[in-house]
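Visitor: Spelled out, the chains give:
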Amino acid sequence: MSAEDPFEIVLNPLEMDSLSEVINIGMSHAATALGAMISERVQLDVPEVRFLTRDDVIEQLNNLSGGKVSAVCQRFDGSIGGDALLLFPQDKSLDLVRLLLSSDMSLEMLTQLEQEALTEVGNIILNACFGKIANSLNITMESTLPSYLMGSCEEVIGNLDEQTRVLFMRVDFSVPNHDIRGFVTFVMDIESTEILHGLISHLATRYQ
Amino acid sequence: MKSMLIIDDSITSRMMLKSIVSKEHSDWTICEAANSEEALAQVSQQSFDLVTVDYNMPGMDGLTLIPLLQKEMPNARIALLTANIQDYIQQGADDLGVPIIHKPITPAKVLAYVG
Chain F
168 MSAEDPFEIV LNPLEMDSLS EVINIGMSHA ATALGAMISE RVQLDVPEVR
218 FLTRDDVIEQ LNNLSGGKVS AVCQRFDGSI GGDALLLFPQ DKSLDLVRLL
268 LSSDMSLEML TQLEQEALTE VGNIILNACF GKIANSLNIT MESTLPSYLM
318 GSCEEVIGNL DEQTRVLFMR VDFSVPNHDI RGFVTFVMDI ESTEILHGLI
368 SHLATRYQ
Chain X
257 MKSMLIIDDS ITSRMMLKSI VSKEHSDWTI CEAANSEEAL AQVSQQSFDL
307 VTVDYNMPGM DGLTLIPLLQ KEMPNARIAL LTANIQDYIQ QGADDLGVPI
357 IHKPITPAKV LAYVG
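If you're matching them up, the sequences are chains F and X in order. Throughout the first sequence, residue numbering follows the working numbering, covering 168 to 375 in sequence. Throughout the second sequence, residue numbering follows the working numbering, covering 257 to 371 in sequence.
In isolation and in its complexed conformation, chain X is listed as follows:
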């Protein structure tokens, strides 16, 4: 049984991602955060095995948040989730050593990441 944190300001995006993962892994604990501040508050209380981080959120963006999460949870598998396909986003994710899951998400893309 694993734990997962979905960080995304879009309710729709969180709902779709949670639905895909829950169908495959009904015993996993899946938590949600609507922005970076909520996410940091949650990871200060508990650790997660997997984390998805949306890039474009109010306040801190995903690429700024990820190093903070990596410091807090060095063993967590973190992925950046974004609709932005521009090269500089890919470069930013590469620099942090995290994969990108491009929106729109599909079961195939999500399950290739979470397993």
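Chain F on its own, in the form it takes in the complex:
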């Protein structure tokens, strides 16, 4: 994002810290949910929280995922609105389904259920994360039914308006002995981004 960008979101260090904390709480809840689903300990790292342009997000995701992703998209609407996306590198998604479903299930059955199972995983993770964030900000956000997308990062993200800002949360889920990683993004329009900025600003100053 250039310095001249009229849509640039500038958070001061305290606001950025507050935003990161709210997201950390949300993602910790999501990691606990994922751990319960697969009966494994899930390690969580949120190394990056940034507002990015559409093109920056595509570049980031390409670098992190190797190009092809499986994604679960869910719309959240309320005081702030946006499209939440949970993205997995495509070559790892079947590993996650295998952990989730019965180990004695045939590969054919696993493959048949892959999209359906990932959609339910996405539903649970995104609701755990954004539900907790909504509660932390004292707002309400209703979610739509989740949908499954698959393809290149450009195909999954590329139809966004250029003026859209994306709250990019890079979340590394790691499961011991399984190289499973995920990324969560929240795509908002400018109006919602400004409202979020106001909510975070209020939260940041409440304890000063």
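Think of the hints as simulated: they come from the structure by calculation, not from any bench. Small disclaimer: the values here were computed from a predicted structure and weren't measured. Among the hints, a few may not be true.
Pairs of lysine-lysine residues, derived as DSS-like cross-links and limited to a Cα-Cα distance of at most 30 Å, are as follows [to be verified]:
#1 F/K259 x X/K274
#2 X/K365 x F/K259
#3 X/K327 x X/K274
#4 X/K258 x X/K365
#5 X/K365 x X/K279
#6 F/K259 x F/K235
For this one, chain F is given, so just place chain X on it according to the hints.
Guide: Below, chain X alone, put in the same frame as chain F:
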């Protein structure tokens, strides 16, 4: 022997819930519905002892469906199943007098409800 109806649009969720209950109660009759319309069609034909209702489904959502089920089966034990942990969902369930089982489901959570 009891009868149970699982209402959830996710095949995975229905499969996991059915597996947990069947392992503990192999003699129970467990039926499934993928949406509210299917569920209402089933309860018009037979009554159930236990019902789990997913919140987020195509068409009618779980909190809208539950009063209709309660009217049809006043003695059934009904629980709302949801991944949504927001306060307004909890309030909606409280208003209807039904417990929430939060997704992801685990054997402990399910068996605490079904017994």
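Visitor: Evaluate each hint against the coordinates.
Guide: For each hint, the structure was consulted:
no., hint, verdict
1, F/K259 x X/K274, "27 Å, holds"
2, X/K365 x F/K259, "29 Å, holds"
3, X/K327 x X/K274, "25 Å, holds"
4, X/K258 x X/K365, "19 Å, holds"
5, X/K365 x X/K279, "14 Å, holds"
6, F/K259 x F/K235, "10 Å, holds"
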